[in-house]
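Engineer: Fit chains B and C to the given chain A structure using the hints.
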Amino acid sequence: MSDPILTVTGLKKTFDLSQPFLTRLTQGGGRKYVHAVDGVDFTIPRGTTLSLVGESGCGKSTVAKLLMGLTQPSAGSIRFDGHELAGTRAGQPPAVRRRMQMIFQDPYASLNPRWRVARIIGEPMKSFGTHPDPVARRREVDRLLEFVGLSAADGEKFPHEFSGGQRQRISIARAISTKPEFLVCDEPTSALDVSVQAQILNLMRELQRELGLTYLFISHDLAVVNYISDQIGVMYLGRLVELAPADRIFAAPQHPYTRLLLDTVPDITMAHRDMDRPAGEVPNPITPPSGCHFHPRCPLANDRCRSEAPAFRTRGDSHVRCHAVEEGRTDPMPLRKAG
Amino acid sequence: MTLLTVENLTVAFPGRHGTVNAIEDVSLSISPGEILGMVGESGAGKSMTGAAIIGLIEPPGRIAAGEIRLEGQRIDTLRPDEMRRIRGRRIGAIFQDPLTSLNPVLTVGEQLIETIQTHLKLPKDEARARAIDWLRRVGIPAPEARIDTYPHQYSGGMRQRVVIALALCAEPCLVIADEPTTALDVSVQAQIIALLRKLARETGVAVILVTHDMGVIAETADRVAVMYAGRIVEVGSVTEVLTAPRHPYTRGLMASIPRIGARPDVLPQIEGAMPRPHARPAGCAFAPRCPARIDICSQTRPDLTGHATRSVACHLSKEVPA
Amino acid sequence: MTDTTQPNTTPSALARLWNSDLAWNFRRSWTARISSLLILILFAAALFAPLLATQNPYDISQLFLLDSELPPAWIEGGDPRYLLGTDEQARDLYSSILYGLRLSLIVGFASVALAAVVGISLGLIGGFLGGMVDGAIMRVADILLSFPAILVALLVNGIARGVLPPERHADAAIWVLILAIGLTNWVQYARTVRGSTMVERQKEYVQAARINGVSGMGIMMHHILPNVLGPVLVIATINLGMAVLTEASLSFLGVGMPATQPSLGTLIRIGNEYLFSGIWWVVIFPSVVLVALVLAVNLLGDWLRDALNPKLR
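Chains as they are written, first to last, in our numbering: chain A, 1 to 339; chain B, 1 to 322; chain C, 1 to 313.
One thing to keep in mind: the hints can contain errors.
What the hints assert, rightly or not - For lysine-lysine, the following DSS-like pairs were computed, each having C-alpha atoms within a straight-line distance of at most 27 Å:
no. : chain 1 : residue 1 : chain 2 : residue 2
1   : A       : Lys-126   : A       : Lys-179
2   : A       : Lys-157   : A       : Lys-126
3   : A       : Lys-179   : A       : Lys-157
4   : C       : Lys-203   : A       : Lys-126
5   : A       : Lys-179   : C       : Lys-203
6   : C       : Lys-203   : A       : Lys-157
7   : A       : Lys-12    : C       : Lys-203
8   : A       : Lys-32    : A       : Lys-12
By construction, these hints were calculated from the structure, which means they are not laboratory data.
It should be emphasised that the depicted structure is a prediction, and the values quoted were computed from it without experimental measurement.
Just chain A, with the same shape it has in the complex (with noise of 0.2 Å):
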């Protein structure tokens, strides 16, 4: 196992969604904060992958902000190659944020629609000071171009003329020109359709490859993660509630959210699976239930779990936060079947 690059530890953001003071005076209620993040710790070893799961209002998004510098956090350590950058705003210190970049969800709203492709691919080199004559970048934008699968003559072109799978492609493509080590892709394919979808992974699956990249990797799509992932966690309303190796957790999950979510993924083996069971839904992330927050939703809730948060425990290379793994509650999990 290699050395880690990036370790986070008790990472915390809280969202102020308070109604303005005069309002609260003349209407009453509190102040109401939203627990995006909710102390997350985590380390990802050079050259792997982990990926985040969970569903909206797990607070995965927000990480990957937090770890970009475009939020900052309540509380935490955020350390990139032991330097600490909880604090430092987007793009701060330069010399290490050259290291890091960031792979979008939208691959309309990732590229400025007024720009040509090899100016947008060009701006980090310009910004890091990587590249600072226009000659050399322009020649490094083409072989970037060429690199992600388009021709240097796409960069003359603007991003409405390309479809989404080539966004994505320019998007990497500007993300790797600082040559960096680090990458934090939210959602890369989930607004693309599934043919393409392939083309993007096996891509950066290459990328990962030959670059020797390490990625924090954020989807809802269990699938695309299992192909994708080394380590994967599982966020639920702020907290990772498992965090294992991949080919671990979809063998033996352990927590019962983490068996929810195996368990009404709709499935191409045609499981016909009973899934109209109460499951319930995510709770307002505003006003979440008390100790465990999957308690009301969890078929083996007991009291503690609603008034106690479990801890994030350790066995082995697995990570779980649950009352009942920990008092051995849980029963084994019968294996999933091959595709």
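Structural biologist: Chains B and C only, in chain A's frame:
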């Protein structure tokens, strides 16, 4: 006895660069109580087909050829007011975004009761009782209390359940569901498609389920039609099409979907991209990307050949076993 | 693993414009073409006024008082030298209209430019920075909007007259007008740009720029500004008509261009006083030109708004 037949349907959009056919020569049929899935990428024409059936093609788009028959009666040539009567009473619709499908200023009960009264002509109190019953059937807890609440007081999954109730309460014979689960969380998605399947069985309504998600089709549909570049390229039962696809596109699609439990080194992929409607090549639209293409594929477009329960549009697959 | 698009030719910006949907729409629209033609004619007339006019109406030495109040040339009593007649100071009306048009257009364009620059800047800054800066800018805008434009212009005018010595009034009149009209009209630009800025600020390409260390100023100027300028063009076009009308109103009220350098509005004011003594031509002809200009500009602005609206395509 088929409930709905669509024959050689073409929807055209006249534009600046000439007329573009969003869908061409689409034929399908659906029997009562059946769930037909329509699957394909965005732009393949599946939503357009659904919109054509329910009569919601926006001008300047129009039905340029073909016919649509509901229970033997042609509905594509009806006047707008006649079509409005059919819509809602005999054909229901479920759209992708539950937030915009419901009127935010009316309570859930008011919307249900209005629909029931308009189409079933029942007195107010009976309509209300039916509405409460529908809310219970779609799994809304404490329906007597919740009938007078507003859509924004519901969660996403609950709202979609209300939308399903709204679509079914006028007792239509056919429901078009256009990406009903795409905007929902994964765990809710499963509940909604299970609900849809259960209600379809109970009420005997036929469902056309339009989606890009093969997994949803696998769990819900009986038959599936695969669309590519405005045409249907393969039709058959879900088991047959998903486990033994005959069209190279379907094969490529099934292979490229990542699965839990399998971790290939490289995910099989289809090269290139689906052509846009104004840039479709001559011959088979899939030929430029097809690993198995032969000369005739780029010259002549293959027709959908086979029989009612299994057909493919591919030169390489002429013989289709019965 | 290539995924290439068609072999490219990189068309120039002009070629792209000619082939664009906008140009095609233009070629198809009668109102667009006719109003553009009219505007072009009026612009050319104003631009070449010294060449097209038969006299310089501001030069008193060219006026013959005996020729005052002559009717248009085709009416009995008219003089072919004065095509549209003369006013009470013996100024040739045709020439006065040309020069007056020129003044009206200068004031119109300059005030629109001022309003646009001020409005776009404040809108960008407020939308991008948010918080108290945005609040302050928007409160000023709200206050300004609650005043009728003419009153604000009168206020600015009054202040200028109080500040400047009397002999400078006539020279400064045009600048005071531009300032007054410009300061009234910036609010619409600011509001539109602010709204668009707030939308664009959330988009991922802005986040990508932030990640790449681009400064706030850089993001505003190079990323957001090009994307929020679309609606501004429509507003500016329609605003031009309004600015010309406001200038005419101010001049009509006596606080705009002085009688020695009449704009179209001043001419109408002068003519108005003589209307009931039967000298109708001094009012009618400048009014017709003013209406034609404003109408053409408004029609073009309307067409532009519909043509640029992606939802209507």
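Engineer: Going through the earlier hints one by one, which of them does the structure break, listed in rising order?
Structural biologist: none
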